[in-house]
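There are 2 protein chains.
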Amino acid sequence: MQVTFIWHEQIDGRWSQRQKQVTTSGDMTVLRLAREHDIKIDATCGGRGRCGRCKIVVHGPLNQVSEIEAQLLTKEELARGIRLACYARPLGDIQVSIPTGETELLQILTEGSKQVVAAEPDVAKEFVTVDKPQLETPDGDRERLLETLKRSGQQDCHLPLGIMSSLPEILRRADHQVTVTRWRNHIVAVESGDTTDELFGLAFDIGTTTVVGGLIDLYQGKELAVAARLNGQAAYGADVISRVEYASNGASQLRRLQQAVVDTLNGVISELHEKTGISPEKMCRVVIVGNTCMQHLALGVSPTYIARSPYTPAFSRRFDVSAGQLGLAVNPEAPVTFLPNVAGFVGADTVGVVVATGLANQDGRVLMVDIGTNGEIVMSHGGRMVSCSTAAGPAFEGAQISSGMRAGEGAIEFVEIGEDIEIEVIGQTRPRGICGSGLIDLIAELLKVGIIDETGRLQDASELQGLSPKLLERIRTGEAGNEFVVVWSEDAADGSDIVLTQRDVRELQLAKGAIRAGTMILQKILGIKDEDIDELLLAGAFGNYIRKESAMRMGLLPRVPLEKVRSVGNAARVGARLCLISQGKLEEASRLAKSMDYVELSGRPDFQEAFMDAMLFPQDNLSSQDSTKINKNVPRDHAV
Amino acid sequence: MQVTFIWHEQIDGRWSQRQKQVTTSGDMTVLRLAREHDIKIDATCGGRGRCGRCKIVVHGPLNQVSEIEAQLLTKEELARGIRLACYARPLGDIQVSIPTGETELLQILTEGSKQVVAAEPDVAKEFVTVDKPQLETPDGDRERLLETLKRSGQQDCHLPLGIMSSLPEILRRADHQVTVTRWRNHIVAVESGDTTDELFGLAFDIGTTTVVGGLIDLYQGKELAVAARLNGQAAYGADVISRVEYASNGASQLRRLQQAVVDTLNGVISELHEKTGISPEKMCRVVIVGNTCMQHLALGVSPTYIARSPYTPAFSRRFDVSAGQLGLAVNPEAPVTFLPNVAGFVGADTVGVVVATGLANQDGRVLMVDIGTNGEIVMSHGGRMVSCSTAAGPAFEGAQISSGMRAGEGAIEFVEIGEDIEIEVIGQTRPRGICGSGLIDLIAELLKVGIIDETGRLQDASELQGLSPKLLERIRTGEAGNEFVVVWSEDAADGSDIVLTQRDVRELQLAKGAIRAGTMILQKILGIKDEDIDELLLAGAFGNYIRKESAMRMGLLPRVPLEKVRSVGNAARVGARLCLISQGKLEEASRLAKSMDYVELSGRPDFQEAFMDAMLFPQDNLSSQDSTKINKNVPRDHAV
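Keeping their order, the protein sequence lines are chains A and B.
Each residue of the first sequence is one higher than the one before, counting from -14 in the numbering used here.
Each residue of the second sequence is one higher than the one before, counting from -14 in the numbering used here.
Next up, chain A with everything else stripped away, as it sits in the complex (with noise of 0.2 angstroms):
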């Protein structure tokens, strides 16, 4: 039988479809088969069932769905036909997709949120037939075409001069029939013949790291296709306050940083394209989210005074632009409408989050957490909401700690204490340090077992009772108070150990105390006990891959019951395709952009004492017992 593999690869920066075909007698599974002939899917857990991680699409005869797949795979990604690829094994001649990986990651973020919510998108299309010119009527092609739209309801529409050059052409070869594209009274497209039954939309998500954007099928809210880049702005500083600094030292720098982002957008629209063929000219509507210095960056506005108290953004409410004067690769008459901001760091991702996780519409007590170098916080109760902006920093993407790292092959993902310490690395290579999510565990597990206390301190190996010789092995006195080794140089990949120093500590404690204040001093404000939470949502990355219960444990969240707790993704990309899809949305969204109360925590006495709270671990920590009912099943395909 036949197996027939695609993917996409990344030659010189451009993405193109691969395809090879292969025999087989169907004693292998696709993901052995794959290795045989040298093709790469995704499974850092060597193919053992455990990761998730190896996605494949297939079409054909295949294996039944195992126990295993039914477990790690969700009902909608079932209902697609995807299966794993260490399960699945051809029964015939077969197709298999893989998808990249950050496809997936983004398949899976954008399940984290579901709402319905019926396409009306605020782009129409209309087919006409235009009056044709005669001798006795000497009016214009343009006035024509308006005559004609106005027949049919549309009054005092706008044809804007792109348009207007290419018309006199366009009805001529259409024998002045044609599909005319409308945004509010303003003309957006004008196409020979009848092309009413494709409508396409962008949504993007200007992140301060990566740029994600879905090609979306307006008509039925469908996402066609997703694909991400990192944001060209990177190499202008690494982090939203690096970056407002450059802008600020002038015009061209500004320019620049504006330049490096639409070239982004332009390298995921240009994936985007060849990904489902659909032409850029055929995009007519851009949805934008983003913090608010992404979005000013977007822009080309200056976001220097985001950066000084009182920390005035040039602009907050919902704007618009045309796709041309932005610089985007699609139609140029396209409208791009940047999702409002609530305040300088409350953008309109946070904005997006809401809408797409109906946030303001819940009837209980909801806390949103949005944790990433500066943490967003929204906590709403009764049709109130109440937002804030805390500056973790950046020791939960792992800068500023001895041994840590961006998440990526050989980052320590995952961490368990029993007689000695478990790891899990990604890549199932040797470890090269730790990244966000395996801190977290690692703090939560060091406070389980005592060797952390609650104010921070590493203790002497001297002070712990009851501890494996194994673990008491492992504390040692560094340079600066006591360190904890948590792999020892022979099993590292750079021959050196890898180790949690007391400065390190520290600076989770500073991180962790600025998110957790946050969200106290919202929680002080409506008056609502951690008790009383009826749902925390964990939006970004970040949330969809921490341990919920770590997180509780080393006092990053409130102590909520698990089941309250809930992953929403990359929620503010929802949003923004809601928005995009759907006009009742995209109104929504202001209308909450504007009602929503804003805290500036700088601002407020009680915040400093909240803060200095927060910093200590909690002394009632769970149980040994609760730690235990970590589900090792929960895919967690990229840790953060």
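Please keep in mind that the hints were generated in silico from the structure rather than gathered at the bench.
Heads up, some of the hints might be wrong.
Which copy is meant is left open, because identical chains are indistinguishable; a pair holds if it fits in one copy or across any two.
As a list, the in silico BS3-like pairs of lysine-lysine whose alpha-carbon atoms are at most 27 angstroms apart [said to hold, decoys possible]:
no., residue 1, residue 2
1, K260, K433
2, K117, K433
3, K433, K5
4, K455, K207
5, K579, K117
6, K267, K533
7, K25, K433
8, K509, K579
9, K135, K207
10, K5, K267
11, K549, K207
12, K135, K579
13, K135, K267
14, K135, K455
15, K549, K25
16, K5, K135
17, K267, K579
18, K455, K579
19, K110, K135
20, K455, K514
21, K117, K260
Remember, it's a predicted structure, so these values are computed and weren't measured experimentally.
Fit chain B to the supplied structure of chain A, relying on the hints for placement.
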């Protein structure tokens, strides 16, 4: 005493102001003083007080205004301190501004038509104090500005990206006190401090040959300066049709034509800036007239179908675009309005004339004729207006005539026949050829003395009786029929005879036949006989400079009493200026263009017949008595 001369010179394509101070005892006229110091002041009559061309603007003590000056200068010119350099004599230190030829020309043209129109432009300024940002209120700069405008009654203003990007700096530099310029609900400018005392706009007439622009004080409606340039498109074809052909070759050719005229407009703008010191960024409103094709080319819209039956323009009604989109070097957000066109060959320039002359509101039967390569004709009666365009060809511009030339140095601009032929030549040099006004004079005079008969045939000398020998000598047989020698070779600049051939007469018959047939058809449609015409308006430079009686005598215009004929000068640009300073006029222009009927002559069976009739010369020629009533004192600075 000191005399400071100030003039403008074009150096490397840019106009710059020049200045020279000279000492004099006061015994010389300004003209002689200038010549002694090699400073150029135009004076075709050589300082004899005849041409009225050596106009200067003087500040400081001068001798009294002479009788000749009182005769040659208008009341307005005298009031503005304009003197003739050949009579002015300093009585102390003075400053002498020398207008460039073009400026002067336009000063005269723009006085052709006067209406009292109150300045009520559609742009407005408002000085506002914007709330300062607060730690508690995270609203953006844009939002606080819009809120301020809302409080003063301006709802839903739109702040364009270009202004938003500089808003944070402007607000802080101005301590949040700014002046907002608004067009409808579009914000056009935000300036530091209170600038409500000034508001500037530009009115352009884009002619096929010349582009003329005026800088207007929008509060007072006053024209602060005028500048003119040759349309840079001339390199790609002299007339409309050849430009349409060039533009139809492809997108890059079209772009080249657009760039050429935009460069020309920017040249005019830079000259206006230099003349007034008013920076282009302060120019925040632009109104443009021009024929339909020039409007298309300026916007980069293909005029291809204007030149093909059924002669359909891409657009006919008013078109608004931003200066930035057009590439104009003024405030990029300044709205630029292209006045509406009536048809492919009755353009916004004609609409401008109609607005400027108040044609639509006149009670009588008024005929307006604008003669160029095309003749645009409008007939108005009782609120109804009918228009047409007729292709006269370039004969009146001296093209396709054996000794024809454009009006310029060496062109015969005036002809009178008595015992012999008398001519006047532009620049008072030896003649090089005959320009349009000279040709019309020549034909009319030859008709008067019978050398040309009503069919247009140049008679043999033998057929003529009672003519002086000097005249008879000039009639000879050429290569294609008879010809008339206007200037003998010994008097001509290039040493060869300047003649009018039989073929030249035929060309002029075709040209005048086309114009006259157009007027006949419009008169027929409205049932108006020649004798019923209450007023005959001649628009454009041509109408300004031809001898009306000659034009009537040769049958170019219907025969009406001379006092009913009025030259309205460059009324098209006056129309643009009125629309610039008055919203009411701007709206009127749209109404007029829409309500004006258009007659496509090529679609009428009776046109050919009228054309054949109109090619003949009138039988009932004016008596020779009338022909001597030529007022030589009217300054004819530039013939055509």
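Here's how the hints hold up against the structure:
1. K260 to K433: Close neither inside one copy (48 angstroms) nor across copies (82 angstroms); limit 27 angstroms.
2. K117 to K433: For K117 and K433, neither the intra-copy (81 angstroms) nor the inter-copy (51 angstroms) Cα distance is at most 27 angstroms.
3. K433 to K5: neither (50 angstroms within a copy, 93 angstroms between copies)
4. K455 to K207: neither (53 angstroms within a copy, 93 angstroms between copies)
5. K579 to K117: between (48 angstroms within a copy, 19 angstroms between copies)
6. K267 to K533: Neither: 42 angstroms inside a chain and 59 angstroms across chains, both beyond 27 angstroms.
7. K25 to K433: So K25 and K433 fail the 27 angstroms test inside a copy (39 angstroms) and across (98 angstroms) alike.
8. K509 to K579: within (22 angstroms within a copy, 66 angstroms between copies)
9. K135 to K207: neither (31 angstroms within a copy, 39 angstroms between copies)
10. K5 to K267: The answer is neither: 30 angstroms in one copy and 63 angstroms across copies each exceed 27 angstroms.
11. K549 to K207: neither (29 angstroms within a copy, 73 angstroms between copies)
12. K135 to K579: For K135 and K579, only the inter-copy Cα distance (16 angstroms) is at most 27 angstroms; the intra-copy one is 35 angstroms.
13. K135 to K267: within (24 angstroms within a copy, 37 angstroms between copies)
14. K135 to K455: Neither way: K135 and K455 sit 82 angstroms apart in one copy and 71 angstroms across, limit 27 angstroms.
15. K549 to K25: Classified as neither: same-chain Cα gap 38 angstroms, cross-chain 91 angstroms, threshold 27 angstroms.
16. K5 to K135: For K5 and K135, neither the intra-copy (53 angstroms) nor the inter-copy (63 angstroms) Cα distance is at most 27 angstroms.
17. K267 to K579: neither (33 angstroms within a copy, 35 angstroms between copies)
18. K455 to K579: Neither: 56 angstroms inside a copy, 93 angstroms across copies.
19. K110 to K135: within (14 angstroms within a copy, 34 angstroms between copies)
20. K455 to K514: neither (40 angstroms within a copy, 118 angstroms between copies)
21. K117 to K260: neither (39 angstroms within a copy, 48 angstroms between copies)
Checked against the numbered hints above, the structure breaks hints 1, 2, 3, 4, 6, 7, 9, 10, 11, 14, 15, 16, 17, 18, 20 and 21 and satisfies the rest.
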